[in-house]
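Could you fit the two chains together into a complex? Lean on the hints.
For the record, the sequence lines run as chains A and B. Throughout the first sequence, residue numbering follows the UniProt record's numbering, covering 1 to 231 in sequence. Throughout the second sequence, residue numbering follows the UniProt record's numbering, covering 1 to 185 in sequence.
Keep in mind the hints are simulated off the structure, nothing from the lab. Certain hints may be false.
[As the list claims (entries may be wrong)] Keeping only pairs whose Cα atoms sit at most 25 Å apart, straight-line, the calculated BS3-like set for lysine-lysine is:
1. A:Lys18 <-> B:Lys182
2. B:Lys174 <-> B:Lys141
3. B:Lys174 <-> B:Lys71
4. B:Lys141 <-> B:Lys182
5. A:Lys29 <-> A:Lys17
6. B:Lys169 <-> A:Lys18
7. B:Lys169 <-> B:Lys183
8. B:Lys174 <-> A:Lys17
9. B:Lys169 <-> B:Lys141
10. B:Lys182 <-> A:Lys17
11. B:Lys169 <-> A:Lys17
12. B:Lys71 <-> B:Lys141
13. B:Lys174 <-> A:Lys18
14. A:Lys18 <-> B:Lys183
15. B:Lys182 <-> B:Lys169
16. B:Lys141 <-> A:Lys17
17. A:Lys18 <-> A:Lys29
18. B:Lys75 <-> B:Lys182
19. B:Lys71 <-> B:Lys182
20. B:Lys71 <-> B:Lys183
21. B:Lys75 <-> B:Lys141
22. B:Lys141 <-> B:Lys183
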Amino acid sequence: MSSSTPSGSGLRYPSNKKTIYDRNLNRSKNAELSRAAFAYLFIEMISYAQRSAKDVGDLEQRLNNQGYPLGIRLLDLLLTRSANPLSSIRPTRILPLLQFIAQTLYRHLFGRPADALERSGTDAAQYMIFDNEPLVNSYISLPRELSSLNCAAFVAGVIEGVCDGAGFPTEGVSAHSVGDQDEAAASGGAAAPAEGGKKAAGPLWPGKTVFLIKFKKEVLEREEILARGGG
Amino acid sequence: MSYYFTIFSPTDTPLFTHEFGTSRSGGDGVPHFTTAERSMAPFVLHSALDMVEEVQWGPSTSSGSAPMYLKHIDKYANNFVSCWVTGANVRFLLLTRPRDEALGLGGSGNNRGSLAGGRTGMTGGGGLYNPSAPATEEAVKNFFVEVYEAWVKTVMNPFFHAGNGDVVKSPVFKARVAAAAKKYL
Numbered sequence: 001m002s003s004s005t006p007s008g009s010g011l012r013y014p015s016n017k018k019t020i021y022d023r024n025l026n027r028s029k030n031a032e033l034s035r036a037a038f039a040y041l042f043i044e045m046i047s048y049a050q051r052s053a054k055d056v057g058d059l060e061q062r063l064n065n066q067g068y069p070l071g072i073r074l075l076d077l078l079l080t081r082s083a084n085p086l087s088s089i090r091p092t093r094i095l096p097l098l099q100f101i102a103q104t105l106y107r108h109l110f111g112r113p114a115d116a117l118e119r120s121g122t123d124a125a126q127y128m129i130f131d132n133e134p135l136v137n138s139y140i141s142l143p144r145e146l147s148s149l150n151c152a153a154f155v156a157g158v159i160e161g162v163c164d165g166a167g168f169p170t171e172g173v174s175a176h177s178v179g180d181q182d183e184a185a186a187s188g189g190a191a192a193p194a195e196g197g198k199k200a201a202g203p204l205w206p207g208k209t210v211f212l213i214k215f216k217k218e219v220l221e222r223e224e225i226l227a228r229g230g231g
Numbered sequence: 001m002s003y004y005f006t007i008f009s010p011t012d013t014p015l016f017t018h019e020f021g022t023s024r025s026g027g028d029g030v031p032h033f034t035t036a037e038r039s040m041a042p043f044v045l046h047s048a049l050d051m052v053e054e055v056q057w058g059p060s061t062s063s064g065s066a067p068m069y070l071k072h073i074d075k076y077a078n079n080f081v082s083c084w085v086t087g088a089n090v091r092f093l094l095l096t097r098p099r100d101e102a103l104g105l106g107g108s109g110n111n112r113g114s115l116a117g118g119r120t121g122m123t124g125g126g127g128l129y130n131p132s133a134p135a136t137e138e139a140v141k142n143f144f145v146e147v148y149e150a151w152v153k154t155v156m157n158p159f160f161h162a163g164n165g166d167v168v169k170s171p172v173f174k175a176r177v178a179a180a181a182k183k184y185l
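The following block holds chain B by itself, in its conformation from the complex (with noise of 0.2 Å):
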């Protein structure tokens, strides 16, 4: 499994970008992109924010309020996107590509996945990824919890201007979803 993570601002400038695989299952954290594929990768997380604007105000009969996490919103080839949104409409996309194995590409047992994926292989059928199983929607909702906390911190810096495209440059943010990202995806 391999992650591709960036925080949107308002006006859809990425602010931070990290690059992950999984850590789960023997998995050392290493993300296994092709060339190809990295460079889609904001792309495909571009276009997705469309479909974040589809859904981010909720459904008709909600009470008004939404929830943040958005869950599961795109997809594109193999590649899954997940999204949170903040309070102040910043967007969190997270893609995900799973191995080939676990989209059935490859064909070799399932053993290995990440906790976000490898479970699906007794709920769902036959170890594919489903990223709408309910242990991959809570590993990625427990990722975004943590990120958004550390990101709450950031943007109370009075200094910081999420609105006019400040780049987040701390390292000590990046350590921070480094350390969501090994924990729970």
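Okay, chain A solo, but in the shape it has when bound (with noise of 0.2 Å):
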């Protein structure tokens, strides 16, 4: 096949003669990146977005907008690994999706699942998604004039794209930075006997991330009539 280019097509093959749909899809399934090039890589992408940008939202937009696209692919490329290709399925429903992101995706991404998935107690179409000690974080220190900047928008953006692409859309999906006391109140009364002992010893997770998932309306209704049978 892959001699058999018809001349003037202005198709390009690789010198091996390999093109992409002769590279088995699994063939990276195990594959690692190391932690310096992807930090290094993720730099020149924050410096790249805060070229251009005019302030931290537009900053976190630009990041969120980079992981967008990674989300839509990902969605696919995993759904295709998890399961038998002749039995494939995807998530129809708001709580398979998101353990999908929270189970597959993450273990995709950062070799481990997400913290805590929750739902928030004062809006129904809001999600969140705990991430104790976020990868894309851990070697950023932010200068003082940009404290409120979380550069895991850039998950967010491929959280947003995944959602997106499976037929859920969202308002948006944000990274907020969680001190001691938002984390209490996000999560409730629950939280509270931990609280007393983190208070004592300083914040367990400085680095804790929220990504805050709204749904749009109809997703909502949607559910509500697959839900109730009227589909």
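Okay, here's the thing in structure tokens:
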């Protein structure tokens, strides 16, 4: 197939005559990237975004946009890998989708599942994925004027891409750093007993980040109709 | 048997189209659409997208996941439409136009059907084409699975944005689809 290039099609083949179609999708399944290489690349991505960003919000949005296409691609890739291709399934409800993100996607990206998955108590459309120690932030220290920046916005973009791609459009996914008190407020009374001990010893997870996922209204409406059996 | 295969983006833009005939049981792989049928095919497939949206979320009793292969979903005149939905909501639609005999329009003996239709002669009655016969479903599914693998490799390309309506131009992709068609349909 590779040698039968129609002349004049303008298609160029790599020197080893292997197009992407000749490569196995599972080739890099267990491959790991060196953390240093990632950090180096990620720093470049941030400074690229920073160059034209007006403020912190704009910078986070740019990082988000960089992650978004990654999410769309990972969705299909991980779905083909997660199961026998002959029984390919895709998530059709919010919960399986979020579990897919917190388990499968997280394991693929960071080698471990996300630390917690919660639904907001105040807003039914809002879900939260907690990451105690985001890998993308591990070599980043923020200058004072950018103290509200969270570079995990990149990961938020990946999550948004997955949700959007799967047909669960969101109002946006954002990454927020949570201090001790925010954390207690976010997770309600459940975290209260543990909090006492943490206060004394300083925050246990200083880099703890929450990804806020807010689904659009129509997603929740569909979910409700499907649950009722009207679908 | 003639087939008309189209890939639709999540925003309903056709990204790839391939037309072929059966290669099974002496078929030559050439489609035998009439001019009218050929010009109708894109419309039939577009109208079938509505059906896809109705069934793609699965029954309410489902555990939250649905298969990508939605089987036979729509019929218009003599055309049968099967569907596969990828994780990122890209739809593969395959339109099947069985031979006249397999529809009961002709009348001659039916022993030259493709794998996707011929075996129904044993299970279904009278050798009529039956889109939900197990052999047919299996053949179409195998075809979709192969196309899906090639498709995932296509979308891995960082410069390819299915959501923006990027058309698949790769001759290698086309060859892969043609090979899958030849193998299973």
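Which of the numbered hints above does this structure break? 16
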